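Engineer: Protein chains in written order, with this note's numbering: chain A, 194 to 305; chain B, 10 to 123.
One or more of the hints may lead you astray.
Straight-line C-alpha distance at most 25 Å; calculated SDA-like pairs for lysine to any residue [to be verified]:
hint: 1; chain 1: A; residue 1: K304; chain 2: B; residue 2: N109
hint: 2; chain 1: A; residue 1: K196; chain 2: B; residue 2: G52
hint: 3; chain 1: A; residue 1: K245; chain 2: B; residue 2: R119
hint: 4; chain 1: A; residue 1: K196; chain 2: B; residue 2: K88
hint: 5; chain 1: A; residue 1: K196; chain 2: B; residue 2: K89
hint: 6; chain 1: A; residue 1: K245; chain 2: B; residue 2: S26
hint: 7; chain 1: A; residue 1: K262; chain 2: B; residue 2: N109
hint: 8; chain 1: A; residue 1: K196; chain 2: B; residue 2: V21
hint: 9; chain 1: A; residue 1: K245; chain 2: A; residue 2: A206
hint: 10; chain 1: B; residue 1: K89; chain 2: B; residue 2: P27
hint: 11; chain 1: B; residue 1: K89; chain 2: B; residue 2: E68
hint: 12; chain 1: A; residue 1: K304; chain 2: A; residue 2: A286
hint: 13; chain 1: A; residue 1: K196; chain 2: B; residue 2: S108
hint: 14; chain 1: A; residue 1: K262; chain 2: A; residue 2: V278
hint: 15; chain 1: B; residue 1: K88; chain 2: B; residue 2: S10
hint: 16; chain 1: A; residue 1: K196; chain 2: B; residue 2: A49
hint: 17; chain 1: A; residue 1: K245; chain 2: B; residue 2: Q110
hint: 18; chain 1: A; residue 1: K262; chain 2: B; residue 2: Q64
hint: 19; chain 1: A; residue 1: K196; chain 2: B; residue 2: F97
hint: 20; chain 1: A; residue 1: K245; chain 2: B; residue 2: S108
hint: 21; chain 1: A; residue 1: K245; chain 2: B; residue 2: R106
hint: 22; chain 1: A; residue 1: K304; chain 2: B; residue 2: V69
hint: 23; chain 1: A; residue 1: K196; chain 2: B; residue 2: H14
hint: 24; chain 1: A; residue 1: K196; chain 2: B; residue 2: Q54
hint: 25; chain 1: A; residue 1: K196; chain 2: B; residue 2: N39
hint: 26; chain 1: B; residue 1: K88; chain 2: B; residue 2: S108
hint: 27; chain 1: A; residue 1: K196; chain 2: B; residue 2: S103
hint: 28; chain 1: A; residue 1: K196; chain 2: B; residue 2: Q110
hint: 29; chain 1: A; residue 1: K245; chain 2: B; residue 2: A48
hint: 30; chain 1: A; residue 1: K262; chain 2: A; residue 2: D204
hint: 31; chain 1: A; residue 1: K196; chain 2: A; residue 2: K304
hint: 32; chain 1: A; residue 1: K262; chain 2: B; residue 2: V69
hint: 33; chain 1: A; residue 1: K196; chain 2: B; residue 2: P27
hint: 34; chain 1: A; residue 1: K304; chain 2: A; residue 2: I241
hint: 35; chain 1: A; residue 1: K245; chain 2: A; residue 2: G208
hint: 36; chain 1: B; residue 1: K89; chain 2: B; residue 2: N109
hint: 37; chain 1: A; residue 1: K196; chain 2: B; residue 2: L55
hint: 38; chain 1: A; residue 1: K262; chain 2: B; residue 2: Q110
hint: 39; chain 1: A; residue 1: K245; chain 2: B; residue 2: P27
hint: 40; chain 1: A; residue 1: K245; chain 2: B; residue 2: S103
What the hints contain is simulated information worked out from the structure, not anything from laboratory work. Please read all numbers here as calculations on a predicted model, not as lab measurements.
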Amino acid sequence: DAKTTQPTSMDCAEGRAANLPCNHSTISGNEYVYWYRQIHSQGPQYIIHGLKNNETNEMASLIITEDRKSSTLILPHATLRDTAVYYCIVRVAGNAGNMLTFGGGTRLMVKP
Amino acid sequence: SQTIHQWPATLVQPVGSPLSLECTVEGTSNPNLYWYRQAAGRGLQLLFYSVGIGQISSEVPQNLSASRPQDRQFILSSKKLLLSDSGFYLCAWSPTRPSNQPQHFGDGTRLSIL
């Protein structure tokens, strides 16, 4: 699976949009981009995933560049409960044995 | 909707004692099931995965084992725990189809070996 690079930490004001970038310059054509977050002492929570088109759900939006070498997770109106470590993962679909490889992630701190 | 349950939430066990962690999924059938371990401040390590009843694949050789006695039940076991078995154990599930669907995690079991 392709390696990802994320900033170590970011701050965001409550109520503002949080934009979390991820670089995956070696991504292959059959690799999806997945985003998870983990709040301390809890299991990772799935947020969103995509292949090449932008995606939106009730939690967030995912913007993938045309060359697919980077993506941005957008939390449109961050709340204090969005404070967590956010992980960007690229993974080939189709093989149940493909583990999720979590890198260091971005520690997002939402401040009042 | 689908839910995943893991228990216990925390566990303190002496070295050499046995282990049994249980995970069940509701609201779906024939899911892929996974056991991961997360060491403090580090990423996830896939321990076992299962694509069906009685079908277990091991990713890392160790003194742990897994079983899937029922379609939506996944059990992690050990006959004799080691100090190095301490960690945060996570169960996850994913649909079999389509293959790009994400894995969904339980709340985890924090295991401390004394």
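Engineer: Please go over all the hints and tell whether each is borne out by the structure.
Structural biologist: Against the structure, the hints come out as follows:
With a CA separation close to 34 Å, the supplied pair K304 of chain A and N109 of chain B exceeds the 25 Å bound. At roughly 13 Å between alpha-carbon atoms, K196 of chain A and G52 of chain B fall within 25 Å of each other, so this suggested pair holds. Only pairs whose Cα atoms come within 25 Å are accepted, and K245 of chain A paired with R119 of chain B is rejected, the gap being roughly 37 Å. Proximity of K196 of chain A to K88 of chain B is assessed by CA-CA distance (about 36 Å); at most 25 Å being required, the pair is judged violated.
Pair hint K196 of chain A plus K89 of chain B does not hold up; C-alpha atoms about 36 Å apart against a cutoff of 25 Å. Between K245 of chain A and S26 of chain B, the direct Cα distance comes to roughly 49 Å. Violation of the 25 Å bound is thereby established for this hinted pair. At most 25 Å may separate the alpha-carbon atoms for a hinted pair to count; K262 of chain A and N109 of chain B meet this at roughly 19 Å. A threshold of 25 Å between alpha carbons decides the hint, and for K196 of chain A with V21 of chain B the separation of about 35 Å lies outside it, so the pair is violated.
Taken as a hint, the K245 of chain A and A206 of chain A pair is broken in the structure, with Cα atoms around 29 Å apart against an allowance of 25 Å. A C-alpha spacing of about 5 Å is found between K89 of chain B and P27 of chain B, which places the hinted pair at or below 25 Å, so the restraint holds. The straight-line distance between the Cα atoms of K89 of chain B and E68 of chain B is roughly 19 Å, inside the 25 Å bound, and the hint therefore holds. For the suggested pair K304 of chain A and A286 of chain A, the alpha carbons sit about 36 Å apart, so the restraint of at most 25 Å is broken.
For the hint linking K196 of chain A to S108 of chain B, the alpha-carbon distance of about 21 Å falls within 25 Å, and the restraint holds. Distance restraint check for K262 of chain A and V278 of chain A: the Cα-Cα separation of roughly 22 Å lies within the 25 Å cut-off, and the hinted pair is therefore satisfied. With a C-alpha separation of about 35 Å, the suggested pairing of K88 of chain B with S10 of chain B is violated against the 25 Å cut-off. For a cut-off of 25 Å, the pair hint linking K196 of chain A to A49 of chain B stands: about 21 Å separates their Cα positions.
The straight-line distance between the Cα atoms of K245 of chain A and Q110 of chain B is roughly 15 Å, inside the 25 Å bound, and the hint therefore holds. Restraint check for K262 of chain A and Q64 of chain B: the C-alpha separation of about 36 Å exceeds 25 Å, so the hint is violated. Proximity of K196 of chain A to F97 of chain B is assessed by CA-CA distance (about 24 Å); at most 25 Å being required, the pair is judged to hold. About 16 Å separates the Cα atoms of K245 of chain A and S108 of chain B, which keeps this hinted pair within 25 Å; it holds.
Between K245 of chain A and R106 of chain B, the direct Cα distance comes to roughly 20 Å. Compliance with the 25 Å bound is thereby established for this hinted pair. For the suggested pair K304 of chain A and V69 of chain B, the alpha carbons sit about 40 Å apart, so the restraint of at most 25 Å is broken. For the suggested pair K196 of chain A and H14 of chain B, the alpha carbons sit about 31 Å apart, so the restraint of at most 25 Å is broken. Taking the CA atoms of K196 of chain A and Q54 of chain B, the gap is about 16 Å. The hint holds against a cut of 25 Å.
Between K196 of chain A and N39 of chain B the CA atoms are separated by roughly 30 Å; this puts the pair beyond 25 Å, and the hint is violated. Of the supplied pair hints, the one linking K88 of chain B and S108 of chain B is violated, its CA atoms being roughly 34 Å apart against a limit of 25 Å. Straight-line distance between C-alpha atoms of K196 of chain A and S103 of chain B comes to about 22 Å, which keeps the hinted pair within the 25 Å bound. About 20 Å separates the Cα atoms of K196 of chain A and Q110 of chain B, which keeps this hinted pair within 25 Å; it holds.
With a C-alpha separation of about 33 Å, the suggested pairing of K245 of chain A with A48 of chain B is violated against the 25 Å cut-off. Distance check on the hinted pair: K262 of chain A and D204 of chain A sit about 24 Å apart at the alpha-carbon level, within 25 Å; holds. Only pairs whose Cα atoms come within 25 Å are accepted, and K196 of chain A paired with K304 of chain A is rejected, the gap being roughly 30 Å. Distance restraint check for K262 of chain A and V69 of chain B: the Cα-Cα separation of roughly 31 Å exceeds the 25 Å cut-off, and the hinted pair is therefore not satisfied.
In summary, the hint linking K196 of chain A to P27 of chain B is not supported, as the alpha carbons are separated by about 37 Å, beyond the 25 Å threshold. Between K304 of chain A and I241 of chain A the alpha-carbon distance is near 23 Å, which keeps this suggested pair within the 25 Å criterion. For the hint pairing K245 of chain A with G208 of chain A, the CA-to-CA distance comes to about 28 Å; that exceeds 25 Å, so the pair is violated. Restraint check for K89 of chain B and N109 of chain B: the C-alpha separation of about 37 Å exceeds 25 Å, so the hint is violated.
For the proposed pair K196 of chain A and L55 of chain B, the alpha carbon gap of about 17 Å is at most 25 Å, so the pair holds. For a cut-off of 25 Å, the pair hint linking K262 of chain A to Q110 of chain B stands: about 21 Å separates their Cα positions. The hinted pair formed by K245 of chain A and P27 of chain B fails the criterion: a straight-line CA distance of about 47 Å is larger than 25 Å. Taking the CA atoms of K245 of chain A and S103 of chain B, the gap is near 21 Å; set against the 25 Å cutoff, the hint holds.
Consistency note: the structure conflicts with the earlier hints numbered 1, 3, 4, 5, 6, 8, 9, 12, 15, 18, 22, 23, 25, 26, 29, 31, 32, 33, 35, 36 and 39.
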